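One-letter residues, chain by chain:
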Amino acid sequence: MIAIVVTSLVFGIALAIDGMRRSVQSETPAIVALFGADQWVVAKGATGPFTTTRVLGADTEQAVRGASGVRRADAVVLSRTVIDAGSPKDANLVGHRLGGLGSPPISEGRAAKTSGEVVVSPGVSATVGRQLLVGGTPFTVVGKTSEGRYYFGIPTVFMSVPDAQEIVFKGQPLAMGIAVTGTAKPSADTAVLTNDQVVSDLNRPLAGGVQSIVVTAVLLWLIAAGIIGLIVYLSAIERMRDFAVFKATGAPTRIIVGGLMLQAVIVSLVAALLAVGVSKLVGLGLPFPSELGVAGIAQLVVISVVVGVLASLAGVRRALTTDPAVAFGG
Amino acid sequence: MPDIRIRDLTMEYSSGGYAVRPFDHFDLDLSTGDLALLLGASGCGKTTLLSMLASILTPTDGSIHVGDIEVTGLKGADLAEYRRRTVGVVFQAFNLIPSLTAQENVYVGMRNAGVDRKAAKARSAELLAMVGLEERMHHRPGKLSGGQQQRVAIARALALDPPLIVADEPTASLDYMQVDGVIRLLRELAAPGRVVVIATHDERLLPLADRVVELTPRPTNETRPPERVELAAGEVLFRQGAFGDLVYEVDAGRIDIVQEMADGGENQLAVVEPGNYFGELAPMFGLQRSATARASADGPAVVTGYTLRDFRARRGEVLQ
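Protein sequence lines, in the order shown, are assigned to chains A and B. According to this note's numbering, the first sequence is numbered sequentially starting from 1. According to this note's numbering, the second sequence is numbered sequentially starting from 331.
None of these hints come from the bench; they were simulated from the model. All values reported here derive from a predicted model rather than from experimental measurement. Using N, Cα and C, we set each Cβ at its ideal position, and we do this for glycine too. There's no promise every hint is true.
What the hints assert, rightly or not - These stretches of chain B come out as covered by chain A in the derived footprint (C-beta under 8 angstroms, 3 or more residues):
| hint | region |
| --- | --- |
| 1 | 367 to 381 |
| 2 | 420 to 430 |
| 3 | 437 to 447 |
Can you make the complete structure from the sequences, with help from the hints?
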C-alpha cells in the first residue's frame, strides 16, 4: 500500500511535468495554425515571423496581395510585451488585421472591431469590458479566446495591426511577416516559409526547456521504477521461503517469475491510476496548463507496465536463485 | 511404483572449508507400502537424504531410483515434473503460504501442475476433509494450530497423489496434544503404491514404522575385547566421515590426525604420541569421525581400540 501511494505521488509529478511538455509542444503548432495561413512571407534572412528582428515595410503587404496565386495576405505584428490588470505580467502581443488572418476564435464576448479593443487568451485576468494596459497603453477587453498561449504558456493579447505597430514600432507601418493563403513567391527582399518552418523556428528557443522537462520526467519514471523495484525486491526476500517451497514442489519457473512481475505491474498500474488524480492536483500549482489527454493516459499505462516489469527484475533474479533446500530449514 | 533403491550414495559438501561427507557409499531399499523412519543425531544427514529423495539436492555420487525413475539424473522439465508428481514433501516448519487459506494452499500446487480450476478446488476440499479440516479450509494458517497446519501441509503433499511422501521432522513443531492425529495420518498414508519416508528424532513414531534406518550408531555401554591394530607407515586407521565405536590409544609409533579440506588438501590437527588417546568423540556422541587417523609417514604404528565403557574404566572415570 505504501508502495502504491509513494509511487503514485512520483508518477503524478512525472505525469504533470510530462503534461507540461505536451502542452508546450502542442501550443506552438496551435498558435501557428490559429492564423489560418498557408505560407508566411518574411524579410530575407529572417528565420520566422515570431522570432525575427528583421521587419517588412507596409508596401510589402500590398505587393504580396497583388501577386498571382495569393488569395489573401495580411500583415502580422508579433512581439513580447507587458500587460497590467492590477499587476504587471509578461504577455505575447499579436497584431492582426481585424477579421483577417490571425483573428482568434471567440469563446466569450466578441471579436475586436476597432482600434483600442483587444481579445485575450487564458492567463489574462482582466474580464470582458474591463481595461487592460498593454505596453503602457490602455485597451478595452472585448472578448476572450480559449487559444493563443505560446512560449511556455505565456498569455497572448490580440489587437489590430495599427495598435500593435503603435506599441512596438511607435506607429511606423512595419510588420514581422505576412500571413498568406494561396501561394506566394519570394522577392529580392523577402522569403516564403511554410507553416512547418514557422513552427520549427518558434520551437527552437523552447528546445532547451523542453529537454529539461523530458529529462526530469524520465528521472521521475526511473525513481518510480526504483521504488517499485525495491518493494518487489524486499517482498521477494521476505518470500524466499515461499519461493523455495514452490521450487521444491516443482512449480514452473514461469509461475514464480510471472507472479512477481504481475505483482510489480499491478502496483505500477494502480499507482498510475492514482497518479492521474495526483497530476491534476500538481497541475494546479504549475504556471501553465499540464495537458494529459488520452495519449497521455495511454502512454502512462504503457510506461507503468514497462516500469513494473523492469522493477521486478531484481526480485525475479532473487527468486530464481533461491535454493529450494531453504524450504527444509526448521 | 515405487520401490526405492539407493545405491552407493555419496554426498560431500564443503562446510567452513572442510569436506563433510554425511553419506559415503550408502545403500537402502524400501518397498511399496513402507513407512520408513530415518533416525539419527542432528547433523547426521536425515534431511539431506530426504532432500536427495525429493531431488532438491544432487548427490556427489551414486544413484537413487524411485520406481523406474533415476532421480539423480533429472534436469529441467523432468526434474520439475518429478517434484510435482512423484514426490510430496511435508516440511518441519509447515511452510504454508500465510496469505492463502488452507484450501488455497492445497489448491495452488495443483493449479501450478496444470489441474483445472474446478477439479483442483474439489480435490483440495476432499483432501482437507480427509485430514479432518473440512471446517477450517477457509482459515489462513495464522488461524490454525500447529497440528492443523501440519495436516494442511500433508494434504498439500498429497494433492497430486504422489507415490512417495517425504516428511522432515513432521512432529517437531507440535505439542503432544497435536502429535497424535499427525502420526495416525502419516501411518495411513503408507499403503500399497506409496512409500512414506520420515526423518525424525521422535521415537514415539517407532512403533508405526515398517522400516527404521539408523543413520548413526547409537552410543552403547557394551564391552568387547580390545582391538590391537598394527599400521604400516602412512596406513589409514579410520577416515573422516566414517562411523566408529572405539577409542584408540597409541602403543607405539605416531598417529597423524588430519582433516580433509573441500579443495582436496589436508589440515594436520595433531600428532598423537604413545600413551595418548584419540577418537573418543564419535563413539561418545554417535557422530561420524571428524578427522582421518593414520600412521605417520616416518614409520609404522601400533594402536589399541577400546569400547567407550572399557576406555573409561581404564582412565578411571565413573560410568553412568
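Right, here's what the structure says about each hint:
A count of 3 residues in the region 367 to 381 of chain B with a Cβ less than 8 angstroms from any Cβ of chain A is obtained; the coverage claim is therefore met, three being the minimum. Look at the region 420 to 430 of chain B against chain A: 5 of its residues bring a Cβ nearer than 8 angstroms to a Cβ of that chain, three or more, so the hint holds. Given a C-beta distance limit of less than 8 angstroms, the hint that chain A covers the region 437 to 447 of chain B holds, as 3 residues qualify and 3 suffice.
Every hint from the earlier list agrees with this structure, and none is contradicted.
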